[in-house]
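S.K.: The primary structure of each chain is shown beneath.
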Amino acid sequence: MSDLTAIAASASLKKVGTRPKLGVYLRDFFKRRTFAVAFARYNLQAMTARSSLGVAWHVVVPALQIGVYGVIFGVLLSSIRPPHFVPYLMIGIVLFQYVTGSFSEGARSITSNGALVRSLEFPRILLPVSVVISNLMRVLPLLALMMIGVWAFGEAPKLTWLWLIPDFIMMTLFAAGATMVAARLTVHTEDVNQLLPFVVRILFYASGVFWNIDKMIHIHWLNVMFHNNPLHLYMAIARAGMIDGYTATGNDWLVAAAWSVAMLVFGVIFFWRAEEEYGRNV
Amino acid sequence: MSNEELTNDIGAELSSAERVKAPTFTAAGKTPVVVVDDIHLKYRVHASGKAITRANSRVKRNGRLREVHAIQGVSLVAYEGDSIGVIGTNGSGKSTLMKAISGIIPIDSGIIYASSRPSFLGVGAAMIKTLSGEKNIILGGLAMGMSKAEIRAKFDSIVDFAGLRDFIDLPMETYSSGMVERLKFSIAASREHEILIIDEALAVGDQDFRRRSEARMRELASGAGCVFLVSHSMKSILDTCNRAIWLDKGIVKMDGTAEEVCRAYSAAQGAPLDD
Numbered sequence: 001m002s003d004l005t006a007i008a009a010s011a012s013l014k015k016v017g018t019r020p021k022l023g024v025y026l027r028d029f030f031k032r033r034t035f036a037v038a039f040a041r042y043n044l045q046a047m048t049a050r051s052s053l054g055v056a057w058h059v060v061v062p063a064l065q066i067g068v069y070g071v072i073f074g075v076l077l078s079s080i081r082p083p084h085f086v087p088y089l090m091i092g093i094v095l096f097q098y099v100t101g102s103f104s105e106g107a108r109s110i111t112s113n114g115a116l117v118r119s120l121e122f123p124r125i126l127l128p129v130s131v132v133i134s135n136l137m138r139v140l141p142l143l144a145l146m147m148i149g150v151w152a153f154g155e156a157p158k159l160t161w162l163w164l165i166p167d168f169i170m171m172t173l174f175a176a177g178a179t180m181v182a183a184r185l186t187v188h189t190e191d192v193n194q195l196l197p198f199v200v201r202i203l204f205y206a207s208g209v210f211w212n213i214d215k216m217i218h219i220h221w222l223n224v225m226f227h228n229n230p231l232h233l234y235m236a237i238a239r240a241g242m243i244d245g246y247t248a249t250g251n252d253w254l255v256a257a258a259w260s261v262a263m264l265v266f267g268v269i270f271f272w273r274a275e276e277e278y279g280r281n282v
Numbered sequence: 001m002s003n004e005e006l007t008n009d010i011g012a013e014l015s016s017a018e019r020v021k022a023p024t025f026t027a028a029g030k031t032p033v034v035v036v037d038d039i040h041l042k043y044r045v046h047a048s049g050k051a052i053t054r055a056n057s058r059v060k061r062n063g064r065l066r067e068v069h070a071i072q073g074v075s076l077v078a079y080e081g082d083s084i085g086v087i088g089t090n091g092s093g094k095s096t097l098m099k100a101i102s103g104i105i106p107i108d109s110g111i112i113y114a115s116s117r118p119s120f121l122g123v124g125a126a127m128i129k130t131l132s133g134e135k136n137i138i139l140g141g142l143a144m145g146m147s148k149a150e151i152r153a154k155f156d157s158i159v160d161f162a163g164l165r166d167f168i169d170l171p172m173e174t175y176s177s178g179m180v181e182r183l184k185f186s187i188a189a190s191r192e193h194e195i196l197i198i199d200e201a202l203a204v205g206d207q208d209f210r211r212r213s214e215a216r217m218r219e220l221a222s223g224a225g226c227v228f229l230v231s232h233s234m235k236s237i238l239d240t241c242n243r244a245i246w247l248d249k250g251i252v253k254m255d256g257t258a259e260e261v262c263r264a265y266s267a268a269q270g271a272p273l274d275d
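Protein chains in written order, with this note's numbering: chain Z, 1 to 282; chain R, 1 to 275.
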């Protein structure tokens with residue numbers, strides 16, 4: 001034991017810059033959760049402060065997307081169009097955008113806040129969480145719009161619309177886990193940011209945003225793979241609850257919940273394990 | 001200043017090996033709050049241009065990857081009541097050392113101990129420039145772990161200390177750099193800190209603000225606290241600090257009373273202090 005270690009031990013000083021235990025880390029995160037919420041809200045305001053439509057853009061852009069995809073797949077490629085197409089597409093786009101938007105944007109949550117990370121000490125997991133909260137704030141009015149839209153296109157509200165609530169919770173947990181993974185990977189290598197758009201694009205086709213996986217894919221193992229991808233399951237459950245003629249099995253619910261819990265647990269642990277590294281080279 | 005009971009046991013001319021072994025600026029009977037034990041820190045950076053010279057021993061080259069050995073074996077002990085000035089030329093590792101002590105940048109070897117998590121106040125910190133000063137006060141407070149009620153209670157005194165009452169609802173990008181630093185210091189100083197590290201954050205403030213902030217720093221250090229102040233202003237350091245550390249190329253060149261270190265450093269810089 002060196003002299004300095006002895007001095008430190010005599011005054012019972014603690015080591016600086018070591019990763020706290022997971023329990024302590026999560027408790028500290030919970031104590032400062034208001035920071036994540038305030039950071040999300042202020043960032044949303046700042047993002048749109050200079051445009052004339054302001055916050056309304058967060059609703060207008062997805063509405064335009066639904067319009068574009070609606071025209072392309074509803075009119076031009078009408079042969080692959082599933083029944084009740086407009087509600088089908090609205091649910092698909094809004095939910096897909098929520099999850100993939102969270103982790104695409106959240107990938108940069110550490111690297112783009114370098115000044116903050118290097119100047120203040122706080123559980124870094126607040127930053128990816130804040131991005132998910134920001135996406136959640138944006139999607140809530142969209143969900144309302146989506147429900148009105150689904151209703152307007154012929155689906156009467158019924159009790160199973162409430163499935164949307166547990167479904168949305170599962171999606172949020174999954175999005176949070178995926179965002180944490182993406183945020184840590186981006187810290188290790190910026191190249192992740194170049195690849196993410198492709199991941200999102202592949203998921204877009206593989207989760208049946210605008211086409212029905214179960215009706216179109218007849219190779220069994222491929223169908224099982226596509227069907228059980230988490231984004232598809234979340235959409236399938238929402239559609240089963242809201243649109244006549246669509247169903248979700250108990251197995252679908254189980255697999256979807258398993259994805260959510262597994263992704264969140266993995267994301268938290270994966271992110272936490274590099275906690276002391278986030279100050280370097282960002 | 002209470003320098004009498006402090007003794008300096010390191011000279012400016014020690015070799016690197018001796019410096020590592022016997023670096024402590026001892027103060028009998030005082031409680032240590034920060035112990036830095038032989039730390040090294042390297043930055044790994046992707047080079048974006050051609051190297052001009054290979055003479056600089058702190059930069060190792062490996063393809064496009066450059067390794068900058070920013071801190072090369074620093075040891076020190078800070079005691080309660082200490083207020084320590086950190087001086088050195090640009091690029092001597094002052095800010096890096098301060099960020100390492102506060103646990104913001106991970107170190108490669110060595111150990112840092114502290115009685116509590118040090119708070120760091122630096123240039124270009126926690127501010128979102130598109131947001132108003134008011135919202136930045138709230139965010140800064142929340143990130144430091146204050147509750148909303150606590151922030152509300154302290155809000156007026158923070159604004160008044162910064163002297164920014166007229167501008168608090170304007171986005172921070174419209175502030176001058178001096179105004180930004182004033183606001184940041186006011187936010188950080190609104191709370192008690194056991195260990196506070198101030199990295200050149202006061203250099204841009206005006207005379208009046210400097211006087212008030214230095215008074216606040218002495219107040220923070222006079223409790224059970226300890227303050228580190230990185231500054232290029234010998235006057236600031238002499239006015240605020242009882243002790244100073246001179247960093248040069250990533251090692252401690254001198255550790256002693258503020259007066260003698262400032263004098264030696266100024267002489268080396270070719271601008272001796274007046275008596």
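The hints are simulated quantities; they were obtained by calculation from the structure and are not laboratory data.
One or more of the hints may lead you astray.
Said to hold, decoys possible - With a cut-off of at most 30 Å between alpha-carbon atoms, the simulated DSS-like pairs for lysine-lysine come out as follows: (1) R:K148 - Z:K14; (2) Z:K21 - Z:K31; (3) R:K249 - Z:K21; (4) Z:K14 - R:K249; (5) R:K30 - Z:K14; (6) Z:K15 - R:K42; (7) R:K42 - Z:K14; (8) R:K235 - R:K60; (9) R:K235 - Z:K31; (10) R:K30 - R:K235; (11) R:K129 - R:K154.
Small disclaimer: the values here were computed from a predicted structure and weren't measured.
S.K.: Work down the list of hints and note, for each, if the structure agrees.
M.R.: Here is what the structure says about each hint:
{"no.": "1", "hint": "R:K148 - Z:K14", "verdict": "holds, 29 Å"}
{"no.": "2", "hint": "Z:K21 - Z:K31", "verdict": "holds, 15 Å"}
{"no.": "3", "hint": "R:K249 - Z:K21", "verdict": "violated, 35 Å"}
{"no.": "4", "hint": "Z:K14 - R:K249", "verdict": "holds, 28 Å"}
{"no.": "5", "hint": "R:K30 - Z:K14", "verdict": "holds, 18 Å"}
{"no.": "6", "hint": "Z:K15 - R:K42", "verdict": "holds, 19 Å"}
{"no.": "7", "hint": "R:K42 - Z:K14", "verdict": "holds, 23 Å"}
{"no.": "8", "hint": "R:K235 - R:K60", "verdict": "violated, 36 Å"}
{"no.": "9", "hint": "R:K235 - Z:K31", "verdict": "violated, 40 Å"}
{"no.": "10", "hint": "R:K30 - R:K235", "verdict": "holds, 26 Å"}
{"no.": "11", "hint": "R:K129 - R:K154", "verdict": "holds, 22 Å"}
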